[in-house]
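J.: Below, each chain spelled out in residue letters.
There are 2 protein chains.
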Amino acid sequence: MTDAVKDAPMQYDNLRIDLDRLMGRIGHLGEVGALEGGGVCRLALTDEDRKGRDLVVGWMKELGLKVTIDRIGNIVGVRPGHENGAPVMAGSHIDSVATGGLYDGSLGVLAGLEIVATLNDAGITTRRPIAVGVFTNEEGARFAPDMMGSGTHQGSLDLQTMLDCKGIDGSTVEENLQSIGYAGPAPVGGFHARCFFELHVEQGPILEKEQITIGAVTGVQGISWTEYKISGVSNHAGTTPMRLRHDAGYVAAAIAIEARTIARQLGGDQVATVGVTELTPNLVNVIAKEALATVDLRNTDDEILKQAEARMAAFVDATAKAEGVEVQSRTLARFVPVDFDPSMIALVEKTAGDLGHTVRRMPSGAGHDAQMFALNCPTAMIFVPSKAGISHNVEEFTQPEDIRAGADVLLQVMLATAE
Amino acid sequence: MTDAVKDAPMQYDNLRIDLDRLMGRIGHLGEVGALEGGGVCRLALTDEDRKGRDLVVGWMKELGLKVTIDRIGNIVGVRPGHENGAPVMAGSHIDSVATGGLYDGSLGVLAGLEIVATLNDAGITTRRPIAVGVFTNEEGARFAPDMMGSGTHQGSLDLQTMLDCKGIDGSTVEENLQSIGYAGPAPVGGFHARCFFELHVEQGPILEKEQITIGAVTGVQGISWTEYKISGVSNHAGTTPMRLRHDAGYVAAAIAIEARTIARQLGGDQVATVGVTELTPNLVNVIAKEALATVDLRNTDDEILKQAEARMAAFVDATAKAEGVEVQSRTLARFVPVDFDPSMIALVEKTAGDLGHTVRRMPSGAGHDAQMFALNCPTAMIFVPSKAGISHNVEEFTQPEDIRAGADVLLQVMLATAE
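The listed protein sequences derive, respectively, from chains V and L.
Residues in the first sequence are numbered from 0 upward in steps of one, following numbering that gives the first Met the number 0.
Residues in the second sequence are numbered from 0 upward in steps of one, following numbering that gives the first Met the number 0.
Calculated directly from the structure, the hints in this document are not laboratory data.
From the three backbone atoms N, C-alpha and C, an ideal C-beta is built for every residue, glycine too.
Among the hints, erroneous ones may be present.
So the derived label-pair ranges between C-beta atoms look like this [as the list claims (entries may be wrong)]: (1) L:K208 with V:I256: 23 to 31 Å; (2) L:K60 with V:L243: 40 to 48 Å; (3) L:S328 with V:R329: 31 to 39 Å; (4) V:L243 with L:P79: 39 to 47 Å.
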């Protein structure tokens, strides 16, 4: 993963994927767990997930891949190269949120299969093996944490702890793996990739807004989620003078405004969101006794993210004191930022340009399986535009021509690194 | 209601109410619809309301009052005077909110009965008749609008429209009046009071905070309730740059902060409350697509209240435009301020002082039956302290000694105006 790789000429630079075949598989997988009116519900380790897995495993076998299932249910299909050793890997997930789209996750898996199919058709055997991975429970919608399969695969999460995780219905990951027949025999983490690529829809509006086809993803933002539970005093909205109020709702609102202020003042990639606000008793003429608010802070730079966290904590303390309310804060999630490998990023960027696509470097605001691989091997992601930035929504959509562009970039970067 | 009345010497200035008898009735009525752990649920026109009405009507008859029930279910008991004509009237309501206290409303009715009992025991016949009124559905918790009985009684609300009102379970006021046996034969509004007094718990913290026993209520604040329904764009909290957001939740929070700013800048009696805030989808990592917020503005001065309304409307327009969201606003309620009669306010104030109680003039932040009478006859209210300002809550509490003080003031002002 040095300049030698980056500057290597494309060996098969006229090779292209078959868009119809790829779109056919996306449509076919999208029928599994299909919702009326579009989109899918394919929550991890449900019967719909099993049907999706069966479909993908069937395709892998048709394509001649050697399929293994590990103990956390990750599926890996390997296409041999001239040499043995760690494969060049593409992968993502096929589980979805409850009202998910057809592309989030599935695109990365099915584009991987399309690379294999394209190589098969062209009769190419790469120097190094090629692998396609399907990782268990990336979404975290049914079992926490998210990125469970890839995190366990890459050693960041403990296997037994993950198997014992209870989902929203009380059953464990292990029980569900067994019931859908994907509690595999292969050890987890006994497998290393030479490098890892994930093609994914952006899930944000930047590429569309800037009319750019390919995002060369530089890393994944660090994420800080904090829940604030504010306890004030419920009182009559008409009879309580302003100076005697202890209004939990006011403090929740002040937190939301401060989040915006912090993001604006820190600038750059810093984002801040108050997505949850709940008042109790939530009546027009009653000062709120309790309020719940969450703050989601993200930055690619962990030092700036820490500054944002510290500013918010200080603001909440001062505002609570001034209003005479109690605030309990709880960290819901904290991930440090992940930087992808500079040479891999450069390879994606150069390949996109060589193929005639507009390209820009950008961070990922969302978490992805790739970030788990980034800790252990050179990793990069390829983003393609999401219509209106919409994701985790049945209206998620990416233009077929953008899917073609992303898959062609994936093909060429895998060829470049597999040679 | 001239200086002649105000300056008249008390005719029976040593006469006092019997606190034990009054507290006994408060306790007895409080058993009707009693909640476990204290407080009552006696929603208007329910079976609990009927039982409470039956109890009060029984007491009225025991006390020798001539009881009439009108078509909207108002109960009026009259004690004859030496002369015929419009009576001096005390009154309030016995319906409660779903988790109400023992004093809100009931105190005004039962103190009226206590005045009658005290006069009976002393063998006093006043020059003018004395009346005690119990008005239907003051709370508005089951049927909107509130102050239904007194508003209809005083001609502000239309009888047939009120009888046709449907409650939260879909049945009409008229059906419920009939089913509890309180669809009376007496015409509504055929009855005029010479003057009207309502003893009530403050439902706010001012008297307790200032250690004052009696509030001479100067009027009822004007009330303006507006609901804002904000429509933005739901998006990913990590992948959507701050500049591309249309965050409905942010606008709701900004409204809550602006409400506080308006109240602080206008000063005086101005209060402003955002008691309702709801976000959709209300998830930690999703920018809110929709938000609902209510603004409750109150002032004793309608011109200043209008200024507050105009400022909020302009702020919402500007903020919505800046954020790129749509806002629909809807007026939920609008009452102009009501001023009580200056000579009646002065009478309450002087009487409290003559009886040795601390007293202050103050507006009422909440609506009361008295405001409906104020349109047609000299009216005043007497406030007694609410512990911690708590009301519409099972923990509502007023010290018995404060109840005694308030009822003694009521006795003396009724005697003064009935002579």
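J.: Take the hints in turn and mark each one as holding or not.
T.: Verification of the supplied hints:
no., hint, result
1, L:K208 with V:I256: 23 to 31 Å, "holds, 30 Å"
2, L:K60 with V:L243: 40 to 48 Å, "holds, 43 Å"
3, L:S328 with V:R329: 31 to 39 Å, "holds, 35 Å"
4, V:L243 with L:P79: 39 to 47 Å, "holds, 45 Å"
In the structure shown, no violation is registered for any of the earlier numbered hints.
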